[in-house]
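Kindly produce the complete structure, drawing on both the sequences and the hints.
Top line first, the protein sequences correspond to chains A and B. Numbering-wise, the working numbering puts 119 at position 119 of the first sequence, and it's gapless, one number per residue. Numbering-wise, the working numbering puts 181 at position 181 of the second sequence, and it's gapless, one number per residue.
Hints in this document: simulated from the structure, not taken from any laboratory. As the structure is a prediction and not an experimental result, all values here were calculated from the model. Even for Gly, the Cβ is constructed at its ideal location relative to N, Cα and C. Some hints here could point you the wrong way.
What the hints assert, rightly or not - Below, simulated SDA-like cross-link-like pairs (lysine to any residue); rule was C-alpha separation at most 20 Å, straight line:
no., chain 1, residue 1, chain 2, residue 2
1, A, LYS19, B, GLY130
2, B, LYS42, B, ASP217
3, B, LYS16, A, ILE140
4, B, LYS16, A, GLU128
5, B, LYS16, A, PRO129
Said to hold, decoys possible - Just the calculated beta-carbon pair ranges, DEER-fashion:
no., chain 1, residue 1, chain 2, residue 2, range
6, B, SER37, A, GLU24, 54 to 64 Å
7, A, GLN57, B, ARG27, 55 to 65 Å
8, A, ALA23, B, ARG39, 56 to 66 Å
Unchecked claim - Here are some chain B residues the structure puts well away from chain A; computed CB gaps all over 12 Å:
no., residue
9, TYR30
10, PRO190
11, SER198
Chain residues, written in single-letter form:
There are 2 protein chains.
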Amino acid sequence: MERCLELEQAYAIADKNGKTVGAELGRIGYKGDLAASARPLKAAFEVHIEQGPILEQQDLQIGVLSGIQGLRWYDLVIDGEACHAGPTPMESRRDPFMAAAPIIAGCYELAARYAPWGRATFGDIRAEPGSRNTVPERLIVNVDLRHPDAEILDQMDAAFRELVARECQQRELGFQVNETWHMPVTTFDPQCVGAVKSATDNLGYTSMEMVSGAGHDSLYIATVAPTSMIFVPCENGISHNEIENAKPEDLEAGCNVLLHAMLEIDSNEDLK
Amino acid sequence: MERCLELEQAYAIADKNGKTVGAELGRIGYKGDLAASARPLKAAFEVHIEQGPILEQQDLQIGVLSGIQGLRWYDLVIDGEACHAGPTPMESRRDPFMAAAPIIAGCYELAARYAPWGRATFGDIRAEPGSRNTVPERLIVNVDLRHPDAEILDQMDAAFRELVARECQQRELGFQVNETWHMPVTTFDPQCVGAVKSATDNLGYTSMEMVSGAGHDSLYIATVAPTSMIFVPCENGISHNEIENAKPEDLEAGCNVLLHAMLEIDSNEDLK
Numbered sequence: 001m002e003r004c005l006e007l008e009q010a011y012a013i014a015d016k017n018g019k020t021v022g023a024e025l026g027r028i029g030y031k032g033d034l035a036a037s038a039r040p041l042k043a044a045f046e047v048h049i050e051q052g053p054i055l056e057q058q059d060l061q062i063g064v065l066s067g068i069q070g071l072r073w074y075d076l077v078i079d080g081e082a083c084h085a086g087p088t089p090m091e092s093r094r095d096p097f098m099a100a101a102p103i104i105a106g107c108y109e110l111a112a113r114y115a116p117w118g119r120a121t122f123g124d125i126r127a128e129p130g131s132r133n134t135v136p137e138r139l140i141v142n143v144d145l146r147h148p149d150a151e152i153l154d155q156m157d158a159a160f161r162e163l164v165a166r167e168c169q170q171r172e173l174g175f176q177v178n179e180t181w182h183m184p185v186t187t188f189d190p191q192c193v194g195a196v197k198s199a200t201d202n203l204g205y206t207s208m209e210m211v212s213g214a215g216h217d218s219l220y221i222a223t224v225a226p227t228s229m230i231f232v233p234c235e236n237g238i239s240h241n242e243i244e245n246a247k248p249e250d251l252e253a254g255c256n257v258l259l260h261a262m263l264e265i266d267s268n269e270d271l272k
Numbered sequence: 001m002e003r004c005l006e007l008e009q010a011y012a013i014a015d016k017n018g019k020t021v022g023a024e025l026g027r028i029g030y031k032g033d034l035a036a037s038a039r040p041l042k043a044a045f046e047v048h049i050e051q052g053p054i055l056e057q058q059d060l061q062i063g064v065l066s067g068i069q070g071l072r073w074y075d076l077v078i079d080g081e082a083c084h085a086g087p088t089p090m091e092s093r094r095d096p097f098m099a100a101a102p103i104i105a106g107c108y109e110l111a112a113r114y115a116p117w118g119r120a121t122f123g124d125i126r127a128e129p130g131s132r133n134t135v136p137e138r139l140i141v142n143v144d145l146r147h148p149d150a151e152i153l154d155q156m157d158a159a160f161r162e163l164v165a166r167e168c169q170q171r172e173l174g175f176q177v178n179e180t181w182h183m184p185v186t187t188f189d190p191q192c193v194g195a196v197k198s199a200t201d202n203l204g205y206t207s208m209e210m211v212s213g214a215g216h217d218s219l220y221i222a223t224v225a226p227t228s229m230i231f232v233p234c235e236n237g238i239s240h241n242e243i244e245n246a247k248p249e250d251l252e253a254g255c256n257v258l259l260h261a262m263l264e265i266d267s268n269e270d271l272k
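Shown next, in the form of structure tokens:
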């Protein structure tokens, strides 16, 4: 499966300090030797805080998940020529920032063109050599593009590559668009999505159908079993943070929908 | 003098790894205890490779220096809010890059407005927390603006501050424009500049009058004695680099101009 990694590939992944998954698992004593094998599952559900602000803003209790956004991660490398900030006339420079600024702005336009679900994020950037009075010879920008429609995500990918080529070539800058990860769009099982929807309606909770912007365990479970997810609101969409907060009554609603969706699927004879 | 640092201030300057001038001088055994005192100087000349491409491009042998560009260094800090790259709708984000892209583009426009001597350089940039799938909560950008006319450099400073405020405020981003250094414009002594010019002409070298884009020892010497500088071409303007290269005949020309300018000033009774 394209979205899964081979064991050795997973072990070799390094963070920006060079620490690998394999070595760190060993260090903390969690590098086991049991094979991961598929177990028979009739269906799977996952309940989660939204990690985004949509339900809270719309004052809804339940998100009925139809799938998970696809994403593409890139390391964009722009190569210019280092030169001294003072003596070098602007028109003689091959300055990576001269392309980076319109590329970043162009990616935001791309996300806006495919609103409301298009996303463009620049999580990190590095200038080399990174000296205050030197035009950088290289910029490395982390680019994250997302959309829940696979075809549109492909269009965003193509438009991004064109944008980079155009902005760099006209300034005689070198460039590499290194795609580091492509997480394809996940579409959840219609019967599982239907079970979440009818449980929500039967329990009288307000809801909307939506897709997840973040990856989840269900992304992988969906490759081996019929799957859907349930979202509940969280304050300001903040997660993975000490100020993460969700209301007890929303958590209760999520658990109730989970229970009733499972009961419905359990009695469904179409699924084995 | 505004351009000079107090001793303790100079010792305390740290690089981005936190190493200070004082500690590093101590470490290599160069932290002496002699006071720096002005010595009587009738005049001073400095000959240097251009560190820029202008003389080479115009096929000239000598640059007659009338002064040194002023510069202003800033740490531009843009504060947003960290959030997850997937679930957070674009319009809910407070993403520092959304202001940084037009600010960088706007600074290049500012340099172009005051061409050919206006300069804008972004030597380094840092995103915090710097995680691939998180909108940064903070961007720190090193900005370097230069111009040889003090009044225009002041206009560039004001326009830069306005640009930052406008782009950040409309996106509800916080910002700080921390000026870390202001090196005022240096105008060299007219008699010293004249001595360089007449030595160049008398020796039959091709030349142009120009200002230095980089700071030099003469920047400080000019505060205690009549001063000028002589530039010779260097290949592609590259300096502080192993491929730095200047032609022997150009170095000879520079030395000849230096000698004859000194002889002329030595016989000048107006200067004591």
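Hint check:
no.: 1; hint: LYS19(A) x GLY130(B); verdict: 16 Å, holds
no.: 2; hint: LYS42(B) x ASP217(B); verdict: 16 Å, holds
no.: 3; hint: LYS16(B) x ILE140(A); verdict: 19 Å, holds
no.: 4; hint: LYS16(B) x GLU128(A); verdict: 14 Å, holds
no.: 5; hint: LYS16(B) x PRO129(A); verdict: 12 Å, holds
no.: 6; hint: SER37(B) x GLU24(A): 54 to 64 Å; verdict: 58 Å, holds
no.: 7; hint: GLN57(A) x ARG27(B): 55 to 65 Å; verdict: 56 Å, holds
no.: 8; hint: ALA23(A) x ARG39(B): 56 to 66 Å; verdict: 60 Å, holds
no.: 9; hint: TYR30; verdict: 22 Å, holds
no.: 10; hint: PRO190; verdict: 23 Å, holds
no.: 11; hint: SER198; verdict: 25 Å, holds
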